[in-house]
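Q: Below are the chains, spelled out letter by letter.
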Amino acid sequence: MTKQNFIELFSASDSNISETKDREKSLEYIKTHELPNKTDENWRNTDLRTLVEQIYFSAHTKKNRITSINELKINGLNDNCLVFINGSFQKELSKIENEKNNIFLGSLAEGKKMYPDIFNKYFNQSEKEIETVFTALNTAYAQNGAFIYVSENFKSQKPIQILNISDSESQSTAYQIRNLIILAKNSEVNVITVSKSLSDGISFCNSQNEIFLEANSILNFNIFQEENIETRSLNNTRLKQSENTQSTVNIASLSGAILRNDIKIYLSGENARTEINGIYLPTNEQQFDNYILIKHEKSHGKSRQLFKGIIAGQARSVFSGRVLVDKNAQKTDAGQLNKNLLLTDYVKAYSRPQLEIYADDVQCSHGSSTGQIDKEALFYLQSRGIGEKQAKILMLNAFAKEVIDKISIPEYKNYIENLFENKYF
Amino acid sequence: MLKIKNLRAEIEGKEILKGINLEINAGEVHAIMGPNGSGKSTLASIIAGRDIYTITEGCIEFEGKNLLDLSVEDRSRAGIFLAFQYPVEIPGVSITNFMRAAVDEHRKFQGLETLTASQFLKLMKEKKELVEMEAKLEGRAVNEGFSGGEKKKNEVFQMAMLDPKLKILDETDSGLDIDALRIVADGVNKLKTTKNASLVITHYQRLLDYIVPDVVHVLYNGKIVKTGTKELAMELEERGYDWIKKDNYTLID
Ligand SMILES: Nc1ncnc2c1ncn2[C@@H]1O[C@H](COP(=O)(O)OP(=O)(O)OP(=O)(O)O)[C@@H](O)[C@H]1O
Ligand SMILES: [Mg+2]
Chain A
1 MTKQNFIELF SASDSNISET KDREKSLEYI KTHELPNKTD ENWRNTDLRT LVEQIYFSAH
61 TKKNRITSIN ELKINGLNDN CLVFINGSFQ KELSKIENEK NNIFLGSLAE GKKMYPDIFN
121 KYFNQSEKEI ETVFTALNTA YAQNGAFIYV SENFKSQKPI QILNISDSES QSTAYQIRNL
181 IILAKNSEVN VITVSKSLSD GISFCNSQNE IFLEANSILN FNIFQEENIE TRSLNNTRLK
241 QSENTQSTVN IASLSGAILR NDIKIYLSGE NARTEINGIY LPTNEQQFDN YILIKHEKSH
301 GKSRQLFKGI IAGQARSVFS GRVLVDKNAQ KTDAGQLNKN LLLTDYVKAY SRPQLEIYAD
361 DVQCSHGSST GQIDKEALFY LQSRGIGEKQ AKILMLNAFA KEVIDKISIP EYKNYIENLF
421 ENKYF
Chain B
426 MLKIKNLRAE IEGKEILKGI NLEINAGEVH AIMGPNGSGK STLASIIAGR DIYTITEGCI
486 EFEGKNLLDL SVEDRSRAGI FLAFQYPVEI PGVSITNFMR AAVDEHRKFQ GLETLTASQF
546 LKLMKEKKEL VEMEAKLEGR AVNEGFSGGE KKKNEVFQMA MLDPKLKILD ETDSGLDIDA
606 LRIVADGVNK LKTTKNASLV ITHYQRLLDY IVPDVVHVLY NGKIVKTGTK ELAMELEERG
666 YDWIKKDNYT LID
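Order-wise, the sequence lines are chains A and B. Note that the working numbering gives residue 302 to position 302 of the first sequence, counting from 1, and the numbers run on in steps of one. Numbers given in the working numbering equal positions in the second sequence, counted from 1, plus 425.
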């Protein structure tokens with residue numbers, strides 16, 4: 001589809017989020033820019049053809065198609081849950097118990113109505129300059145999404161699950177999601193975004209998360225992607241952190257046709273810290289990409305990145321980790337590690353660490369390794385009677401464990417461990 | 426139990442084993458000695474099923490079955506165990522998980538019920554005590570960051586866990602201190618029955634003082650060039666390999 005097709009498609013949704021001036025600015029950008037493609041440094045290794053060449057239809061929400069989301073959500077959590085199907089909010093399927101009015105949980109449309117001041121203060125403030133036609137489309141015609149506001153000094157106990165379901169049985173569907181999460185001063189919250197498919201059809205989800213951490217707040221943010229093999233998903237996430245904040249982002253990409261995460265973390269206050277971890281497991285012809293930018297803007301910041309991929313079949317993956325240290329971000333401590341395990345000779349795993357350092361008193365490290373299953377180790381395990389498959393599973397588990405162990409919500413960690421066991425062979 | 430007939434093997438076109446004949450019966454302990462690079466570890470790896478070598482001639486029978494037809498794991502399940510000269514580090518795989526998987530597979534193969542968690546832990550504890558393996562190694566990944574001696578002890582521990590019919594020890598003594606050598610050798614001796622057999626590869630007579638061999642072979646340049654009793658090991662300790670090399674001068678291509 002051309003960008004004009006995308007405009008027509010997304011403008012047909014009952015968009016009621018963006019202000020006119022934001023929309024106009026976005027449309028102006030779209031007019032003068034092309035859809036991302038291979039000539040673009042940041043999109044060189046992401047083959048978007050299957051995403052762009054597909055024809056999509058606007059999502060018609062079938063509200064009563066499902067009555068229970070138990071099969072789709074991560075169960076066993078004592079959580080709050082916001083449910084979206086093709087981008088539209090499903091209040092009756094959601095579970096919202098506002099904890100003593102210290103937290104607002106709901107749809108972005110509701111949030112805008114109920115808290116216009118907060119909405120206006122934060123919405124669309126994370127992106128100084130528009131990045132791509134897709135982010136512009138999202139801002140111009142944002143349909144709905146989750147709105148979470150954690151008030152000052154409140155430490156939320158219950159994890160919040162944002163369940164994003166794609167449903168495209170009869171025709172290929174495209175939709176947008178826009179989530180806004182705000183942690184006021186000294187607050188704390190755990191969020192898991194879960195992307196799942198309800199049917200086997202083709203869908204494209206253009207989603208955007210804007211997350212703001214005010215001073216001394218702590219965020220644990222998890223991205224879980226297990227969609228059908230026809231799902232194309234562009235996920236643009238921006239975190240803006242004030243002083244003394246701590247964020248942890250854990251990404252698990254298990255299934256989808258194209259899953260691309262663009263995560264930008266701005267450490268805009270002193271002593272802001274972030275840790276971002278990812279495990280990606282593409283197989284067949286899947287393409288899973290993580291583009292990470294961490295911008296150290298103030299002193300005493302700390303960032304850690306740990307990304308591991310197991311690439312099977314004829315799959316493709318990209319890890320691009322860019323760390324930018326501004327000249328006044330002294331005493332920055334940044335570390336980055338990417339490891340890829342290639343299971344066949346037909347896969348491609350791109351690994352691009354980029355450090356740009358303009359301060360002189362900093363500590364930065366990065367590493368990257370790509371290899372195959374260690375044949376000698378495999379022989380060793382087999383020589384003790386362990387079958388080849390089982391031996392490989394042991395080794396793959398061991399490889400992924402370091403990342404999975406970073407997940408701090410026990411029920412969620414358990415959930416991923418079980419899925420992982422069953423994914424291979 | 427084990428019958429090797431005229432075994433020839435090569436790697437990357439280079440012949441390493443040049444017609445090995447060896448027969449080991451239940452209840453016997455055989456030692457193989459020989460200079461560096463003569464092919465001892467190659468022979469051990471081929472018995473265990475390493476597939477980087479090409480067998481060009483000969484056969485190996487284990488309890489009447491053609492061993493070369495079996496996968497690596499099936500050889501282990503059938504009762505072959507190789508204690509490696511250089512045990513591999515397996516990052517992230519804990520010894521407990523590793524042994525659990527191995528013991529489960531062995532029991533399944535033998536048609537036995539799987540052990541309960543507490544039975545398994547009891548077995549682990551018992552066998553660890555046998556080789557006096559330190560408890561701190563338990564939670565660690567297989568061989569990762571182990572000292573040379575700890576790796577060797579870990580091999581014998583695994584051997585005890587799996588209770589094989591044919592135990593192949595490839596230089597298990599090298600890297601062990603004097604006390605550890607005694608402990609490991611005692612462990613191996615305790616596992617000895619009239620139904621199982623051992624093949625001990627070593628450079629040193631010292632080990633053979635503890636694990637007394639019935640037969641000693643000298644492997645040189647891919648062939649067994651001498652076979653004798655434990656006195657042969659003593660003679661080698663005194664005289665080195667030169668006289669053997671000279672005697673076999675004509676064998677060198
Ligand atoms: N993977 C391999 N690739 C190439 N050559 C090999 C390989 N494995 C063994 N060889 C060669 O085969 C010969 C025999 O090696 P092997 O390890 O069996 O000797 P060894 O008798 O065990 O010696 P040592 O006493 O030093 O342990 C050596 O010349 C060695 O270099
Ligand atoms: Mg050797």
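Treat the hints as calculated values from the structure; they're not laboratory data. Each hint should be verified, as a subset may be incorrect.
Said to hold, decoys possible - Which chain B residues face chain A? A few, computed with CB under 7 Å, are given here:
1) 473
2) 489
3) 493
4) 494
5) 497
6) 498
7) 503
8) 507
9) 515
10) 533
11) 536
12) 537
13) 539
Claimed, not checked - As a list, the in silico BS3-like pairs of lysine-lysine whose alpha-carbon atoms are at most 25 Å apart:
14) A:423 with B:576
15) B:576 with A:401
16) A:392 with B:617
17) B:533 with A:406
What the hints assert, rightly or not - Looking from chain A toward chain B, a few residues come up when the C-beta cut is under 7 Å (computed):
18) 106
19) 328
20) 330
21) 384
None of these values were measured; they are calculated from a predicted model. The beta-carbon is built from N, C-alpha and C at its ideal position, and this holds for glycine as well.
Q: All hints are to be evaluated individually against the structure, with a verdict given for each.
A: Evaluation of the provided hints:
With a least beta-carbon distance of about 5 Å to chain A, the hint placing residue 473 of chain B at the interface is held under the 7 Å criterion. With its C-beta approaching chain A no nearer than about 20 Å, residue 489 of chain B sits outside the 7 Å limit, and its interface hint is violated. The interface hint given for residue 493 of chain B is broken, as the beta carbon of that residue sits about 15 Å from the closest beta carbon of chain A, more than 7 Å. Among the interface hints, the one on residue 494 of chain B is violated; its C-beta lies about 16 Å from the nearest C-beta in chain A, farther than the 7 Å criterion.
A least Cβ separation of about 4 Å between residue 497 of chain B and chain A falls short of the 7 Å threshold, and the interface hint therefore holds. Here the hint on residue 498 of chain B is kept, as its CB sits about 5 Å from the closest CB of chain A, short of 7 Å. With its C-beta approaching chain A no nearer than about 9 Å, residue 503 of chain B sits outside the 7 Å limit, and its interface hint is violated. A distance limit of 7 Å between C-beta atoms decides the matter here; for residue 507 of chain B the minimum to chain A is near 6 Å, and the interface restraint holds.
The interface hint given for residue 515 of chain B is met, as the beta carbon of that residue sits about 5 Å from the closest beta carbon of chain A, less than 7 Å. Violation of the interface hint for residue 533 of chain B is found here, the shortest Cβ-Cβ separation to chain A being roughly 9 Å, above the 7 Å cut-off. The beta carbon of residue 536 of chain B comes no nearer than 14 Å to any beta carbon in chain A, farther than 7 Å, and the hint placing it at the interface is violated. Proximity of residue 537 of chain B to chain A is violated relative to the hint, the smallest CB-CB distance being about 13 Å (cut-off 7 Å).
Checking residue 539 of chain B against chain A: minimum C-beta separation of about 13 Å lies over 7 Å; hint violated. A threshold of 25 Å between alpha carbons decides the hint, and for residue 423 of chain A with residue 576 of chain B the separation of about 32 Å lies outside it, so the pair is violated. Distance restraint check for residue 576 of chain B and residue 401 of chain A: the Cα-Cα separation of roughly 23 Å lies within the 25 Å cut-off, and the hinted pair is therefore satisfied. Restraint check: the Cα-Cα separation between residue 392 of chain A and residue 617 of chain B comes to about 33 Å, which exceeds 25 Å; the hinted pair is violated.
Among the hinted pairs, residue 533 of chain B with residue 406 of chain A is inconsistent with the structure: their alpha-carbon atoms are about 35 Å apart, more than 25 Å. Because the closest C-beta pair between residue 106 of chain A and chain B is about 42 Å apart, greater than 7 Å, the hint is violated. At a threshold of 7 Å, the smallest CB-CB gap from residue 328 of chain A to chain B is about 39 Å, leaving the interface hint violated. Because the beta carbon of residue 330 of chain A sits about 35 Å from the nearest beta carbon in chain B, more than 7 Å, this interface hint is broken.
The closest approach between the C-beta of residue 384 of chain A and any C-beta of chain B is roughly 4 Å, which is under the 7 Å cut-off, so the hint is satisfied.
In summary, the numbered hints that this structure violates are 2, 3, 4, 7, 10, 11, 12, 13, 14, 16, 17, 18, 19 and 20.
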